[in-house]
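Put chain B on the given structure of chain A with help from the hints.
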Amino acid sequence: MKLLAKTNRYYLLLTTVLFALASVVLYYGLFRALTQEVDEQLSNRRLYLENRIRRKQTLPISPFEYQMDVSDRHQRPGYGDTLLLDPQEQEMVPHRQLTFPLRVAGQRRWVTLRKSLVETEDVLAVVLGVMVSVLGLLLLGVILINRWLADWLWGPFRATLHALRGYKLHQHEVLQLAPTDIDEFAELNQALTQMSQRLVADYEALREFTENAAHETQTPLAIMQAQLEQLLQLPALEDPQVAGLVTGLYGATLRLSRLHQALTLLSKIENRQFIDVQALRLDQVLEEKVRQLESLTETRQLALSTHVTGVPALRMHPGLADSLVHNLLQNAVKHNHRGGSIEVRLSAQALEISNTGPALTGDPARFFERFRKQQPTSDSPGLGLSIVQQICRYYGFTVTYAFAAVGARHTLRVAF
Amino acid sequence: MKLLLVEDELALRTTLVEYLRQSGYVCEVAASFQQAYEKIKLYQYDCVVLDLTLPDGNGLDIVRALKADQSWAGVLIISARAALDDRLAGLDLGADDYLTKPFHLAELNSRLRAIIRRRQFQGSHHIAFRDLLVWPEQAEVFVGEQPLTLTRKEYDLLLFLLANPNRVLTKEAIAEHLCGDAVDATDSFDFIYTHLKNLRKKLQEKGADNYIRTMYGVGYKLSTE
Numbered sequence: 029m030k031l032l033a034k035t036n037r038y039y040l041l042l043t044t045v046l047f048a049l050a051s052v053v054l055y056y057g058l059f060r061a062l063t064q065e066v067d068e069q070l071s072n073r074r075l076y077l078e079n080r081i082r083r084k085q086t087l088p089i090s091p092f093e094y095q096m097d098v099s100d101r102h103q104r105p106g107y108g109d110t111l112l113l114d115p116q117e118q119e120m121v122p123h124r125q126l127t128f129p130l131r132v133a134g135q136r137r138w139v140t141l142r143k144s145l146v147e148t149e150d151v152l153a154v155v156l157g158v159m160v161s162v163l164g165l166l167l168l169g170v171i172l173i174n175r176w177l178a179d180w181l182w183g184p185f186r187a188t189l190h191a192l193r194g195y196k197l198h199q200h201e202v203l204q205l206a207p208t209d210i211d212e213f214a215e216l217n218q219a220l221t222q223m224s225q226r227l228v229a230d231y232e233a234l235r236e237f238t239e240n241a242a243h244e245t246q247t248p249l250a251i252m253q254a255q256l257e258q259l260l261q262l263p264a265l266e267d268p269q270v271a272g273l274v275t276g277l278y279g280a281t282l283r284l285s286r287l288h289q290a291l292t293l294l295s296k297i298e299n300r301q302f303i304d305v306q307a308l309r310l311d312q313v314l315e316e317k318v319r320q321l322e323s324l325t326e327t328r329q330l331a332l333s334t335h336v337t338g339v340p341a342l343r344m345h346p347g348l349a350d351s352l353v354h355n356l357l358q359n360a361v362k363h364n365h366r367g368g369s370i371e372v373r374l375s376a377q378a379l380e381i382s383n384t385g386p387a388l389t390g391d392p393a394r395f396f397e398r399f400r401k402q403q404p405t406s407d408s409p410g411l412g413l414s415i416v417q418q419i420c421r422y423y424g425f426t427v428t429y430a431f432a433a434v435g436a437r438h439t440l441r442v443a444f
Numbered sequence: 041m042k043l044l045l046v047e048d049e050l051a052l053r054t055t056l057v058e059y060l061r062q063s064g065y066v067c068e069v070a071a072s073f074q075q076a077y078e079k080i081k082l083y084q085y086d087c088v089v090l091d092l093t094l095p096d097g098n099g100l101d102i103v104r105a106l107k108a109d110q111s112w113a114g115v116l117i118i119s120a121r122a123a124l125d126d127r128l129a130g131l132d133l134g135a136d137d138y139l140t141k142p143f144h145l146a147e148l149n150s151r152l153r154a155i156i157r158r159r160q161f162q163g164s165h166h167i168a169f170r171d172l173l174v175w176p177e178q179a180e181v182f183v184g185e186q187p188l189t190l191t192r193k194e195y196d197l198l199l200f201l202l203a204n205p206n207r208v209l210t211k212e213a214i215a216e217h218l219c220g221d222a223v224d225a226t227d228s229f230d231f232i233y234t235h236l237k238n239l240r241k242k243l244q245e246k247g248a249d250n251y252i253r254t255m256y257g258v259g260y261k262l263s264t265e
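Protein chains in written order, with this note's numbering: chain A, 29 to 444; chain B, 41 to 265.
None of these hints come from the bench; they were simulated from the model.
We treat Cβ as the ideally placed atom computed from N, Cα and C, and that holds for glycine.
Treat the hints with caution; some may be incorrect.
[Said to hold, decoys possible] Cross-link-like lysine-lysine pairs, in silico, DSBU-like; alpha carbons within 30 Å at most:
id : chain 1 : residue 1 : chain 2 : residue 2
1  : A       : Lys196    : A       : Lys296
2  : A       : Lys30     : A       : Lys84
3  : B       : Lys261    : B       : Lys193
4  : B       : Lys193    : A       : Lys362
5  : B       : Lys107    : B       : Lys81
6  : A       : Lys362    : B       : Lys241
7  : B       : Lys261    : A       : Lys362
8  : B       : Lys246    : B       : Lys193
9  : B       : Lys261    : B       : Lys237
10 : B       : Lys261    : B       : Lys42
11 : A       : Lys362    : B       : Lys237
12 : B       : Lys242    : B       : Lys261
[What the hints assert, rightly or not] Sample of chain A residues with no beta-carbon within 12 Å of chain B, all distances over it, derived:
id : residue
13 : Lys34
14 : Arg37
15 : Arg60
16 : Ile89
17 : Pro91
18 : Phe92
19 : Thr140
20 : Lys196
21 : Glu212
22 : Leu220
23 : Gly338
24 : Pro392
25 : Ala430
Next up, chain A with everything else stripped away, as it sits in the complex (with noise of 0.2 Å):
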């Protein structure tokens, strides 16, 4: 529920008992004001009869004999209300009226006085509709000047939120907000620019940092190997012994530089550094993976065949493209056995690569875990699928694996 919608539930709620209350009381108040004014009047036409009886004169004869009743009969005497038919409009009309005991010429009279109460009804009539009418209109107003309020006055804050969900961290910019006069929304705009200089400011610390452990440690892994490389060249590098060392502490500083290219792509990738993407035609990825490949199949008698049923329409960046495809193949060449064979499909919605292997241990679900290897003791860093898996994240895509036990075959799927 909206903000405004809330408040003025809440709003509207308070208003309509306040103004029903108003209402209430105003009626009755103003009824009780008039009815008090008509008994005053009564009450001063007593005075005047009562003066005078006492200067002996005679009552008048009025000529509205319903305004005034003399009567020999006992009346209760005080104020009551009463009907009257109203001869012209042929109504009942409602009267107030006092009656008295007088005592005129030494006899013993009662008077009963009437004032007709039909302007009084008439008056609040007007005076509760008047009222009405004008907190009525001064709901209707708040309601609609609230609306209008709220469209003006929470522009800047829609204007921020659609700023929000625009901003995208990698184009290292700071949070660009329209200046505002209202101090709330000004305060929550610094506040956010704030917050998003000092993500710029980390994101940035955090790309320079992997870039740069990325260069300084390439550095002295090409020291080591060059020299490692030099060492071997060296005559006492034909003791077998001595030889053994060296090729083993070579190999540790390849499979090093390995390790450390895979872990930096892997963090480059969830850093959201590959932001180039293009126009990306997989098949033609795929073919020259392929052959790259070739080699190894050639050499393990595995059989290859590529079915390409479609192209899917990708965008993306090609060193990635070139990384999942590669990736995807070396992972059916390595799990494979001498004479196996490796299937691709690739259609318009999915990427398809299945390999004949032996059946696996463990976790399906687990294959896509950091340093997860199938053999222990492989040089291999493990971090393939991972790689695979942080791709089809970062693209939205989806990889499956499913292993079907009737030729044993592996099957990796990435649906676009």
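Just chain B now, kept in the frame of chain A:
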């Protein structure tokens, strides 16, 4: 053949210079952008081996300067920056090749020879080694007078060995040279073993016996004697 090696890292520079001199090059060094810039302005080189990240400048500017002077020197970039963009930028500026650190020394030499061969002799160059004669432009190999028929991979392997005579070439270096550096070297050892066996057999059939020596557990060596 005269080379200029531009590399700021002392240990790597020393090793590379030692190796390049052993391989028969005349090698000069520059440890900074400034030194490199002065040297390419003063002298002519057959090839410049160039590190991109220098403390006082960008190696790519050396490539630009060379191209602006219309120098005939080849350029081989060696860089720790593996990013595709750097590679493309270097090659776009007119560098002949790009090698990512760390690399195998034998690979460096093989690429250098290819660059110099292309530039200096317009390909009309042959490689002679003992009884072997190779015409790289025509991809023809002779043992004495007899032509030798090789597969593509065997030929590549032979050229790689010929670029580094009398040096131990590790299995890893050979594997990466033949399969590309993306291929996990350990996966391809049986592959190079097969090809070496075939190459040896073919050489032996033409009477070129005992050219390739196996250094047990390490690699192979093209032997001069």
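Results of checking the hints against the structure:
1. Of the supplied pair hints, the one linking A:Lys196 and A:Lys296 holds, its CA atoms being roughly 16 Å apart against a limit of 30 Å.
2. For the proposed pair A:Lys30 and A:Lys84, the alpha carbon gap of about 80 Å is over 30 Å, so the pair is violated.
3. At roughly 17 Å between alpha-carbon atoms, B:Lys261 and B:Lys193 fall within 30 Å of each other, so this suggested pair holds.
4. Between B:Lys193 and A:Lys362 the alpha-carbon distance is near 21 Å, which keeps this suggested pair within the 30 Å criterion.
5. With a CA separation close to 12 Å, the supplied pair B:Lys107 and B:Lys81 stays within the 30 Å bound.
6. The suggested pairing of A:Lys362 with B:Lys241 holds, with an alpha-carbon distance near 28 Å, which does not exceed 30 Å.
7. The straight-line distance between the Cα atoms of B:Lys261 and A:Lys362 is roughly 28 Å, inside the 30 Å bound, and the hint therefore holds.
8. The straight-line distance between the Cα atoms of B:Lys246 and B:Lys193 is roughly 19 Å, inside the 30 Å bound, and the hint therefore holds.
9. At roughly 13 Å between alpha-carbon atoms, B:Lys261 and B:Lys237 fall within 30 Å of each other, so this suggested pair holds.
10. Using a Cα cut-off of 30 Å, the hinted pair B:Lys261 and B:Lys42 holds, with the two alpha carbons roughly 25 Å apart.
11. About 23 Å separates the Cα atoms of A:Lys362 and B:Lys237, which keeps this hinted pair within 30 Å; it holds.
12. For the proposed pair B:Lys242 and B:Lys261, the alpha carbon gap of about 17 Å is at most 30 Å, so the pair holds.
13. The beta carbon of A:Lys34 sits about 51 Å from the closest Cβ of chain B, which is more than 12 Å, so the claim that it is off the interface holds.
14. Consistency note on A:Arg37: stated as away from chain B, and its beta-carbon is indeed over 12 Å from all of that chain's, at 57 Å minimum.
15. No beta-carbon of chain B is positioned within 12 Å of the beta-carbon of A:Arg60; the least distance is around 90 Å.
16. No beta-carbon of chain B is positioned within 12 Å of the beta-carbon of A:Ile89; the least distance is around 118 Å.
17. Interface exclusion of A:Pro91 from chain B stands, the closest Cβ pair being 113 Å apart, more than 12 Å.
18. Consistency note on A:Phe92: stated as away from chain B, and its beta-carbon is indeed over 12 Å from all of that chain's, at 109 Å minimum.
19. Against chain B, the non-interface label of A:Thr140 holds: every CB pair exceeds 12 Å, the least being about 111 Å.
20. With a minimum CB-CB distance of about 19 Å to chain B, A:Lys196 clears the 12 Å threshold, and the non-interface call stands.
21. Listed as a non-interface residue, A:Glu212 keeps its Cβ farther than 12 Å from every Cβ of chain B; the least gap is roughly 44 Å.
22. The Cβ of A:Leu220 sits about 32 Å from the closest Cβ of chain B, beyond the 12 Å cut-off, so the non-interface label holds.
23. Interface exclusion of A:Gly338 from chain B stands, the closest Cβ pair being 26 Å apart, more than 12 Å.
24. Every CB of chain B is more than 12 Å from the CB of A:Pro392 (nearest about 22 Å), matching its label as outside the interface.
25. A:Ala430, annotated as away from the interface, keeps every beta carbon of chain B farther than 12 Å; the closest lies near 24 Å.
Going through the hint list in order, the structure does not satisfy hint 2, though it satisfies all others.
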